[in-house]
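Novice: Now for the letters of each chain:
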Amino acid sequence: MDAINKLSIGRKTIYYILLILVAVYVLFPFIWIFLTSIKSSADITGYPPKFIFDATIDNYKNLFATSQTGAAASTLNFPRYYLNSLIIAGFGTILSLIIGCGAGYALTRAEFKSEASRENVAFTLLSFWFGPELAIILPLYVIFNKIGLIDQHITLILVYQLIGIPFTVWMSRSFFRDVPVSIEEASRIDGYTAVQTFKKITFPLVKSGLAATAVLTFIFQWNNFLFALVIGGRNTMPITTGALGFISYEAALWGQMAAAIILSSIPQLVLAMFVQKHMVRGLTFGAVKG
Amino acid sequence: MYRLEVKNITKKYGKLTAIKDLSFYCKEGETVVLLGPTGAGKTTTLRCLSGLEDLTQGEIFLDGDNISLLPPNKREVAMFFENYALYPHLTVGENMAYPLHAPDRKEKFSNDEINKRVKEVADLLQIPELLDRKADQLSGGQKQRTALGRTLVRKPKVFLLDEPIAHLDAVLRHRMRGEMKKIFQELKCTVVYVTHDYKEALSIGDRILVIRKGELVQLGTPSDIWSKMSEIFVAKMVGDPPMNFLEGIVKKKGDHYLVELPKLKTDLNFDSKKELLNGKSEMEVLLGVRPTDVSILNKETTNSLKGKLAVVEPISSNYEVTIAFPDKSTFKIKTKKNYEDFLDKEVWIAINSEKMYLFLPQDGKAIYHGGNF
Amino acid sequence: MQKSNDNKAKIKVRLEKINKYYYGKKEKVHAVKDLSFHCRDKEFVAMLGPSGCGKSSTLRMIAGLEEVNSGSIHFVDREVTNLHPSKRNIGLAFENYALYPHLSVYENMIFPLRVKGIPEREIENNQRLHELIELFEIDKNMLDAYPKALSGGQAQLTSLVRCLIRDADVYLLDEPLSHMDEEMRVRMRTTLKMMHHKMKKTFIYVTHDQLEAFALADRIIIMNFGVLQQAGSPQDIYSKPANQFVASFIGEPPMNFMESFLAEENGDLLVYIGDQKIHLPDQFKGKIKPDKKYVLGIRPERVHVSENPDDFKESMKSYVDIFEYLGEVNQVTVKLGKERIITEIGSHVHYKQGSEIFVSFDIDHMHLFDMDTLECIDYKFR
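The listed protein sequences derive, respectively, from chains Y, G and F. Position 274 of the first sequence, counted from 1, bears residue number 728 in our numbering, the numbering being contiguous throughout. Position 247 of the second sequence, counted from 1, bears residue number 353 in our numbering, the numbering being contiguous throughout. Position 223 of the third sequence, counted from 1, bears residue number 611 in our numbering, the numbering being contiguous throughout.
No lab work stands behind these hints, which were simulated from the structure alone. From the three backbone atoms N, C-alpha and C, an ideal C-beta is built for every residue, glycine too. One should not assume that every hint holds.
[What the hints assert, rightly or not] So these bits of chain Y aren't anywhere near chain G, every CB distance computed over 12 Å:
1) PHE505
2) THR510
3) LEU540
4) LEU549
5) LYS600
6) ALA697
7) ILE720
[What the hints assert, rightly or not] Listed below are the simulated DMTMM-like cross-link pairs for lysine to aspartate or glutamate, each with C-alpha atoms no more than 20 Å apart in a straight line:
8) LYS412(G) to GLU353(G)
9) LYS628(F) to ASP670(F)
10) LYS443(G) to GLU640(F)
11) LYS681(F) to ASP760(F)
12) LYS654(Y) to GLU200(G)
13) LYS723(F) to GLU702(F)
14) LYS740(F) to GLU136(G)
15) LYS369(G) to GLU522(F)
16) LYS661(Y) to ASP242(G)
17) LYS240(G) to GLU638(Y)
18) LYS586(F) to ASP447(G)
19) LYS581(F) to GLU452(G)
20) LYS586(F) to ASP450(G)
21) LYS180(G) to GLU159(G)
22) LYS305(G) to ASP597(F)
23) LYS581(F) to GLU446(G)
24) LYS358(G) to GLU390(G)
25) LYS705(F) to GLU689(F)
26) LYS723(F) to ASP229(G)
27) LYS305(G) to GLU716(F)
28) LYS288(G) to ASP709(F)
29) LYS442(G) to ASP752(F)
30) LYS442(G) to GLU732(F)
31) LYS536(F) to GLU569(Y)
32) LYS665(F) to GLU702(F)
33) LYS440(G) to GLU571(F)
34) LYS628(F) to GLU640(F)
35) LYS416(F) to GLU454(F)
36) LYS440(G) to GLU640(F)
37) LYS180(G) to GLU639(Y)
38) LYS443(G) to ASP750(F)
39) LYS588(F) to GLU446(G)
40) LYS319(G) to ASP569(F)
With the sequences and hints as input, model every part of the structure.
Specialist: In structure tokens:
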């Protein structure tokens, strides 16, 4: 804001126009999807696209209707997908947090041979996150198939740890690192055990950071497509792959698909708003201090 | 029985030895200062006493009980951290009450008692109005007092203080030095105090332990450290500006001694009750003279050195004068008088032989302490 | 000091009504307010003040690194307010060194000479280069090292030499010794003063360390909150402070301040500290209002103590609050009413804590400060 305040009124206007253009550009797909979700199918496919039309919530109703119209829809079960996503991403996040934050804490406190080796270990963990999912997906499929774990919730929860844990380790580490070791030591000398110290001092200082970590982990797992496509099955299909079902040889249910997308983004939006302040910090991956 | 007794402690980190065979004790109500340069092992020693670091060897006794293996929360010591280590999410009052809430402590405190003690200490440190302020909203001086308060509320058996006033500004540091000394005396605290500032050490310490690379160099009263230093290292640690050193050769001449200063082509005469040469005809030495123990003259006299008055620096009510000798070495003098009129002129500096110190160049050991022996 | 008294020396740098604003998150910060001062040829001027007082901004404006919002800067007769830094012929050394990482210490030092196109052989024989290397005690190993391998102090030293090697009109130094350890800083301070004495050039030096400013400068400019507080020689500032800020900022141990009450009895001015009183010199007559509170300030060396009241013409009864042995001297803090007063005494004299002691002031060195404006009453007539 400092930079903007300093400018003259003319330049300020240009600045704001540019910002609005960027905002429109970024938000356009989302607005388009939202408009599509409240259009009738005739309006959707109409050309030129209509911006004024009779809004309808039929698409949303249809998502939850038991008997659906159209041949493709007979196999679609949106509420089920939604529930699957919630189960997998929800439990997946909890598991990632437990394991990842433990490791993140350890990485800031444990003794290493040198600071370089500490960074190496941390970076190795993070690098799993950069690895292409495609490279490991086939071996994973074969393994889980052999042990008979295909199409079960637990399978996807476990596979999602591949994206969840490296991220929670890295991010929680940046929050734990901001808690000076000396205040934990002070608490030990003040008469508290290590566990009591964690509870009374460390945890209260990192809890908002950990909440942000949890939200981002949840969003990443909620959005995952590839693992869900290959390793998920009929019973465990989450909303990302489920939404694909709206397009088939017979018909493309654009309206319902748009409605499904809007509904599936609601949890992310709500959570993101709660922890907005901490999220930016988290997304810089602790690279920027303070 | 001593309040605190440290017996031959050694601390190693891998191959690095941080503390080597260090022993000392603290009587009840006594303040022992650990004085040394950065990296001398002062803080490590405190951390060993508090239990934050395990000992590699040796034992620590508190009132006769061996506490070497106890975890920090079971030792009855309080520690002041150099960076204050306040709990940022708690208020000043909560920070100070924190040690009293510790669940596993033998003594249990009622809430009333905790409030009473916090109030008492806050009054003592003149911060009662800060009690409800969050710790991360304090100025440096307020943080310092809060941290001090947190160590005081507990009434522990031993206080461990790590550079408690090093990060305050000059005026505040000066004031807190005296105030802390008074508090320790009034509350009869047993204190182990770490500092690199010799004035703090001389002022606060009942005894001072000078430490270098984890090893004890000298342990003595402040006046021992100032005027009966065991080696050149101690002489360099105390004094501002530091002691001047000149290379010389000691010889005996009749019933007195003289130091020949070959680089300055001068001799200085002095007396010693103690035999210095032990049968040898001469011995190389380093002559040490404090900047306050000389006078500046405009003509030659006995025991004087000729040089050019190179720089005059006013420092508060004093002046620091730098004399440049012909061999380009320099000599600092601290005086009340302004010698700016003598700038770039030749002067003689008269050395008081009663205030001369001699050290052996090989190992730095002091062999002569002027009139003090 | 002699140079600043030499009023014939021409003015080298002149600042007139300089203002500088910064834009903070919410408000505009007025960093430098109507600042005017000058420094004469060959003078060493130190700008002193706490962090955020505007001293660094001022130096950066003199260097041309920072825009001036209003006012003007002159070098001799030339106005340089809007001139590019490279055209001002200045030497700069800043707190955070800015060394060229790909060049060795030696190459960094001679960089200004190379830029000028001076042939290598001439540079090697440059007299000032050798003088600087010798005086600042830079050894061969350090000359060959690269900035990455240097300590903060060594890096600052390199940057200081790089600044001094140029033949500039004015040398601008911003906390050039701040990253050195105590011992090195004191040594380099003396060397810098010696170097200034030899070079006979104009220096403007920014520091927050009063001892450094005092030791080095011919004249000191004290600033606070962007406003000039006082300009004068170290001795003037020490013995005749313009206000309580200057008085409290200068001196180690610091000046004693105590709340006092003024009264006029039988034509004499009396100052009460608690229930104890002493006479005030007649100089103050007409300058102050009796029956009013003032802050009384006195430097520690102007306070005298004795167990025997007969040692003084006039004294006040107090108690020894703190007694400190400091090697060279002993320091006594006495308690007079609710006020604490520090004084230094010889290292052979000892007093017991809590014992009764009589304290006396050098009355000609007492200062009175207005409680509201903080201004020093006696500044105007001493």
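Novice: Take the hints in turn and mark each one as holding or not.
Specialist: Taking the hints in turn, this is what the structure says about them:
The claim that PHE505(Y) lies off the interface holds: its Cβ sits roughly 51 Å from the closest Cβ of chain G, which is beyond the 12 Å cut-off. No beta-carbon of chain G comes within 12 Å of the beta-carbon of THR510(Y); the shortest separation is about 51 Å. With a cut of 12 Å on Cβ distances, LEU540(Y) stays outside the contact zone with chain G, its closest approach being about 33 Å. With a minimum CB-CB distance of about 28 Å to chain G, LEU549(Y) clears the 12 Å threshold, and the non-interface call stands.
The claim that LYS600(Y) lies off the interface holds: its Cβ sits roughly 46 Å from the closest Cβ of chain G, which is beyond the 12 Å cut-off. Every CB of chain G is more than 12 Å from the CB of ALA697(Y) (nearest about 43 Å), matching its label as outside the interface. Listed as outside the interface, ILE720(Y) is consistent with that label: its C-beta sits roughly 33 Å from the nearest C-beta of chain G, beyond the 12 Å cut-off. Restraint check for LYS412(G) and GLU353(G): satisfied, since their Cα atoms lie roughly 15 Å apart, inside the 20 Å limit.
Distance check on the hinted pair: LYS628(F) and ASP670(F) sit about 18 Å apart at the alpha-carbon level, within 20 Å; holds. Straight-line distance between C-alpha atoms of LYS443(G) and GLU640(F) comes to about 17 Å, which keeps the hinted pair within the 20 Å bound. Taken as a hint, the LYS681(F) and ASP760(F) pair is honoured in the structure, with Cα atoms around 10 Å apart against an allowance of 20 Å. As the CA atoms of LYS654(Y) and GLU200(G) are separated by approximately 12 Å, the hinted pair is consistent with the 20 Å bound.
Between the alpha carbons of LYS723(F) and GLU702(F) the distance comes to roughly 17 Å, so the proposed pair stays at or under 20 Å and holds. Proximity of LYS740(F) to GLU136(G) is assessed by CA-CA distance (about 17 Å); at most 20 Å being required, the pair is judged to hold. Using a Cα cut-off of 20 Å, the hinted pair LYS369(G) and GLU522(F) holds, with the two alpha carbons roughly 19 Å apart. Distance hint between LYS661(Y) and ASP242(G) is fulfilled; the C-alpha atoms sit about 17 Å from each other, no more than 20 Å.
Our distance criterion of 20 Å between C-alpha atoms is met by LYS240(G) and GLU638(Y), whose separation comes to about 18 Å. For the given pair, LYS586(F) sits about 17 Å from ASP447(G) by alpha-carbon distance, which is consistent with the 20 Å threshold. The hinted pair formed by LYS581(F) and GLU452(G) meets the criterion: a straight-line CA distance of about 19 Å does not exceed 20 Å. For the hint pairing LYS586(F) with ASP450(G), the CA-to-CA distance comes to about 11 Å; that is within 20 Å, so the pair holds.
Restraint check for LYS180(G) and GLU159(G): the C-alpha separation of about 14 Å stays at or below 20 Å, so the hint holds. With a C-alpha separation of about 18 Å, the suggested pair LYS305(G) and ASP597(F) falls inside the 20 Å cut-off, and the hint holds. Only pairs whose Cα atoms come within 20 Å are accepted, and LYS581(F) paired with GLU446(G) is accepted, the gap being roughly 13 Å. Note on LYS358(G) and GLU390(G): the hinted pairing holds, with a Cα-Cα distance of about 13 Å set against a maximum of 20 Å.
Taking the CA atoms of LYS705(F) and GLU689(F), the gap is near 18 Å; set against the 20 Å cutoff, the hint holds. At roughly 18 Å between alpha-carbon atoms, LYS723(F) and ASP229(G) fall within 20 Å of each other, so this suggested pair holds. A distance of roughly 10 Å separates the Cα atoms of LYS305(G) and GLU716(F); the hinted pair therefore holds under the 20 Å criterion. Using a Cα cut-off of 20 Å, the hinted pair LYS288(G) and ASP709(F) holds, with the two alpha carbons roughly 8 Å apart.
Of the supplied pair hints, the one linking LYS442(G) and ASP752(F) holds, its CA atoms being roughly 18 Å apart against a limit of 20 Å. The suggested pairing of LYS442(G) with GLU732(F) holds, with an alpha-carbon distance near 13 Å, which does not exceed 20 Å. For the proposed pair LYS536(F) and GLU569(Y), the alpha carbon gap of about 18 Å is at most 20 Å, so the pair holds. Distance restraint check for LYS665(F) and GLU702(F): the Cα-Cα separation of roughly 9 Å lies within the 20 Å cut-off, and the hinted pair is therefore satisfied.
Taken as a hint, the LYS440(G) and GLU571(F) pair is honoured in the structure, with Cα atoms around 16 Å apart against an allowance of 20 Å. A hinted pair counts as satisfied when its Cα atoms are at most 20 Å apart, and LYS628(F) with GLU640(F) qualifies at roughly 16 Å. Using a Cα cut-off of 20 Å, the hinted pair LYS416(F) and GLU454(F) holds, with the two alpha carbons roughly 16 Å apart. For the hint pairing LYS440(G) with GLU640(F), the CA-to-CA distance comes to about 14 Å; that is within 20 Å, so the pair holds.
The suggested pairing of LYS180(G) with GLU639(Y) holds, with an alpha-carbon distance near 13 Å, which does not exceed 20 Å. At roughly 18 Å between alpha-carbon atoms, LYS443(G) and ASP750(F) fall within 20 Å of each other, so this suggested pair holds. Distance hint between LYS588(F) and GLU446(G) is fulfilled; the C-alpha atoms sit about 16 Å from each other, no more than 20 Å. Restraint check for LYS319(G) and ASP569(F): the C-alpha separation of about 18 Å stays at or below 20 Å, so the hint holds.
In the structure shown, no violation is registered for any of the earlier numbered hints.
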